[in-house]
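Trainee: So you can see what is in the structure, the chains are spelled out below.
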Amino acid sequence: MSRPPRPQFLARDSYRIRRLMDAARFLPVFGFVLILLPLMRHSPEAETPPTASEGVYLFLVWFGLVFVAFLMSLGLRRALDAPKEHVTPSED
Amino acid sequence: MSFNMLVLTCLAYVILLFVVASAAERAASEGRAGWLRSPVIYTLSLSVYCTAWTFYGAVGFAARSGLEFMTIYLGPTLVFVGWWVLLRKLVRIGRENRVTSIADMISARYGKSNLLGVIVTLLCIAAGAPYIALQLQSIAQSFTVFVSDPEGASLAGNPTLIAFWVAIGLAFFTIVFGTRTLDANEQHPGVVTAIAVEAVVKLAALLAVGVFVVWFVAAGPSDILTRIDAQALPEWEIQPGRWTGLILLSAIAIICLPRMFQVTVVENTDDQHLATASWAFPLYLFLISLFVLPIAVIGMELMPAGSNPDMFVLTLPLYLGQDGLALLSFLGGFSAATSMVIVASLALATMVSNHIVVPLWLKVRAARNLDSGDMRLLVLSVRRLSISLVLGLGYLYYVITGGSGALAAIGLIAFVGVAQMLPALLGALFWRGASRTGAALGLVIGMGLWFYTLFLPSFGPGVFLSAQVMEGGLFGQSWLRPYSLFGLTTLDPLLHALFWSLLLNVLVFCLGSFLSFPSPMERVQGALFVNIYDRTGPARSWTRPVAEAEDLLPIAQRILGVSEGQNFFRAQAAVQGKQGFLPDITAEFLEALELKLSGSVGAATAHAMLAQSVGTAVVSVEDLMAVASETAQIMEYSAQLEAKSEELSRTARKLRDANEMLQKLSVQKDAFLSQISHELRTPMTSIRAFSEIMMDSDAMSPEERTHFAQIIHDESIRLTRLLDDLLDLSVLEHGQVQLNIGPVQLRELLDKAIRSSESVQASRKFRILRSRDPEGIEIVTDAGRLTQVFINILSNARKYCIADDPQMQIKVRERKGMVEVDFIDNGAGIPRDKQALIFEKFSRLTDSMQAGGAGLGLAICREIMHNLGGDIAYVPGQGGAAFRVSFPRVLTPRDASRKAARSQAEAAE
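Heads up: the protein sequence lines correspond to chains W and X, in order. One rule links them: number in my numbering = place in the first sequence (from 1) + 18. One rule links them: number in my numbering = place in the second sequence (from 1) + 968.
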């Protein structure tokens, strides 16, 4: 069963929402990589790990993710409401 | 604080929650639930993820492993900020299919299979037990820690007994809370609101302790950071394997934990709420985690050595003389534990009743030919019993393990257990090829490995697995050691169990799906789930309704309640434009009813119940596939239209061709007539002229008279020949010729033909090259007719071959019962553009008088050959004119007539 043909090019608004969806899919991957960074900051000389600074870093990343997710959710709400023909919230 | 006082405080808190829940439920039933169904309440209800494990255990976790405690909250954060990928689809599918639990979701996707429902339910109960034990343990610990007069109350010194009474109390509380009524769609606005209140309490408590520690005990954030580094232990080093593994594990758990599925999917009413939760829930987790490390560090610094770090949140304020703060903290921990237990046991009880007890009940009743009775009371009783059972199992786990393990370790065991559902769940959402067989096998294998490598060992050696098995492996096989299966010794037990169970789970799931063939219902449901966004309406699964509305109404009433059931039927009747309570039993109505029922008892049970009542409504594969979606129908219709229009245009094309053919034939006929007239007129004219001369002139010498008479005679002969030819042609064309079939040697025919043709332009010397051997074959055919064809070809060559030294080569060949005779001369041949014409009537390449024929020769030859079951063709590119005569070696009369009929049909076209 082939999908019904979709328009090839979208108006500016729809285009923006599409790219926002892409970004939303990408955000957790990006966040995961940032969270893994402390693994690569390893100083063999120190006896105890730099817990305080890594903690501050992780909480900053965490808050950053929350903030970006907040901004994105504002735009994505419109995609949830949008009529289906206009923006289909699925694969491009 | 005295023990009794503490118990009273707890009771008061519980009563407050109960009042909140009742008010919310009343508001919801009166339709004033607007604010109840707000994104804030939804987000707060998600905080049921943060249990007593978080409240107490996170600090202990931090004290033991440093930053690693964050992994448990970072995983869920990633899942929620990435809600667009997975949660959105999960929630949408859950809501549109009125899914009641994660077991219902998986069972519904894989063809409403109750087998899968049972497997998932058992898995969830097994994984739920340690988790509930964790809550009991932490409440019991907090009681023992808090009570200042252990001597005054004998109970306070005995954590096991406290845990027992807490379990009883929580069971009672949950039963009263969650199973007062059987909701039509398995949503509990009252419970959700109470959970939201508890979320606020536990967050406030933890923040209060945190603020106190940072700003009143320490001298602010920078001081805390210095103290953290001062207290840091070498064990706090982040371990890459555990760091990554635990983030993944907690990300999986937030999707698969039955209680999280309950609040995220089942209780969701609007996609928009998820949009808010996508950032608000991570923010909640952020705030919960913010002060965990500071509390741990200050606790390690100030508290006497040997204090349990799992209780720092409570003991630290007590130690510093802040009784009020400690009480708030105690209530926070109590909130965290109760909210988890309530939601988890509700979710598990729903699964037990929908997937195990009710199907069994129906089967027993059906076997005894009994009416299914009042399901509502049954379902409610089963749920109440299941809640008790689940809490009882949790208590049992607590007693058997001795309540000794660190909180975090117990929680992680449960996480690995529920993670086994991930492959089946992801397959349900994204892979149409995922099949029931694969999902069931994967779940069983994963569950078995989890049991062997993590769950059973967690009781400690000697309880289920002997120390000997733990050390030496099962049956003394060292590669079967629970903590290092197949010799994997470098991973810690948790990662080891996660790795093996998920790996083999996924492997078996995929293999099972590759190799099995899904049932029609499974394929329909698979398409429905995976393509949830492409769909406009619900799928059709009922196509041949045979039950009466009167039979269905009692069923609906039993499950939905009398008034609710009747209202539903009346509303459906109204939709169909009918008065009264009995709508027509249409496929749409049955689907709506099934969806409504599945909101109460789960998809598999609802389907089974309706199938039982509807009786013989067997739906065939073709039915299901044809109605799988509206889209499919429309596409089928348009494909039919397309086929039809194609057929029409094909017919039109045929008609056009036929018309052209007719026109061509008409032109040919005209040309034929004018040719004949012309051919007849020429000799007639000369005959008339000479006969007139003979009539008119009296004085005419006898020689002259003889000469004129001779001319008249010749012309008459020519006319006769022409008419003979035409007659011959006509007879041949209509297949009416009488064939004189007999055996003859091909060589004789050729000899005769060559002799006969020598009379044409007898003066020319013609060299004829023959190969005697192949000519020796015996053939059975009409010798006279075949000779006529040979003579014609040979005469033509004599007439038209313009070579100075003319020669003719005759080749004979036999192939597959056909004899081919080639006549090749060394003349100029026939130009390409004329080759198609030579077999037509009256076609002559040169002037008619010069050739001395009417141009019917080759046309007659072709007709003869068709009558003899063969053909004559011009073969280009042989160095001269080349004709190939082919005919069957043995001609049977049937053969001949069929060939003739064919040639006639060709002529008609």
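Just to be clear, a hint being listed does not mean it is correct.
Unchecked claim - Take a look, some chain X residues computed to stay more than 12 angstroms from chain W by CB distance:
| id | residue |
| --- | --- |
| 1 | T1045 |
| 2 | R1195 |
| 3 | D1197 |
| 4 | Q1207 |
| 5 | A1219 |
| 6 | A1245 |
| 7 | S1724 |
What the hints assert, rightly or not - Per label pair, the in silico range of CB-to-CB distance:
| id | chain 1 | residue 1 | chain 2 | residue 2 | range |
| --- | --- | --- | --- | --- | --- |
| 8 | X | L1345 | W | R43 | 13 to 23 angstroms |
| 9 | W | F85 | X | D1502 | 25 to 35 angstroms |
| 10 | W | R43 | X | E1439 | 26 to 36 angstroms |
| 11 | W | S32 | X | L1563 | 48 to 58 angstroms |
| 12 | W | F85 | X | E1614 | 37 to 47 angstroms |
| 13 | W | M58 | X | D1460 | 46 to 56 angstroms |
| 14 | X | F1454 | W | S32 | 46 to 56 angstroms |
| 15 | W | R43 | X | Q1240 | 51 to 61 angstroms |
| 16 | W | F85 | X | S1190 | 22 to 32 angstroms |
| 17 | X | L1345 | W | F85 | 44 to 54 angstroms |
| 18 | W | M58 | X | A1555 | 53 to 63 angstroms |
If you're looking for bench data, these hints aren't it; they were derived computationally from the structure. The beta-carbon is built from N, C-alpha and C at its ideal position, and this holds for glycine as well.
Trainee: A separate judgement is required for each hint: does it hold in the structure or not?
Mentor: Here is how each hint holds up against the structure:
{"no.": "1", "hint": "T1045", "verdict": "violated (6 angstroms)"}
{"no.": "2", "hint": "R1195", "verdict": "violated (9 angstroms)"}
{"no.": "3", "hint": "D1197", "verdict": "violated (5 angstroms)"}
{"no.": "4", "hint": "Q1207", "verdict": "violated (9 angstroms)"}
{"no.": "5", "hint": "A1219", "verdict": "violated (9 angstroms)"}
{"no.": "6", "hint": "A1245", "verdict": "violated (9 angstroms)"}
{"no.": "7", "hint": "S1724", "verdict": "holds (70 angstroms)"}
{"no.": "8", "hint": "L1345/X <-> R43/W: 13 to 23 angstroms", "verdict": "violated (47 angstroms)"}
{"no.": "9", "hint": "F85/W <-> D1502/X: 25 to 35 angstroms", "verdict": "holds (33 angstroms)"}
{"no.": "10", "hint": "R43/W <-> E1439/X: 26 to 36 angstroms", "verdict": "violated (47 angstroms)"}
{"no.": "11", "hint": "S32/W <-> L1563/X: 48 to 58 angstroms", "verdict": "violated (32 angstroms)"}
{"no.": "12", "hint": "F85/W <-> E1614/X: 37 to 47 angstroms", "verdict": "violated (58 angstroms)"}
{"no.": "13", "hint": "M58/W <-> D1460/X: 46 to 56 angstroms", "verdict": "violated (21 angstroms)"}
{"no.": "14", "hint": "F1454/X <-> S32/W: 46 to 56 angstroms", "verdict": "holds (52 angstroms)"}
{"no.": "15", "hint": "R43/W <-> Q1240/X: 51 to 61 angstroms", "verdict": "violated (19 angstroms)"}
{"no.": "16", "hint": "F85/W <-> S1190/X: 22 to 32 angstroms", "verdict": "holds (23 angstroms)"}
{"no.": "17", "hint": "L1345/X <-> F85/W: 44 to 54 angstroms", "verdict": "holds (51 angstroms)"}
{"no.": "18", "hint": "M58/W <-> A1555/X: 53 to 63 angstroms", "verdict": "holds (59 angstroms)"}
Violated hints for the displayed structure, listed by number in ascending order: 1, 2, 3, 4, 5, 6, 8, 10, 11, 12, 13 and 15.
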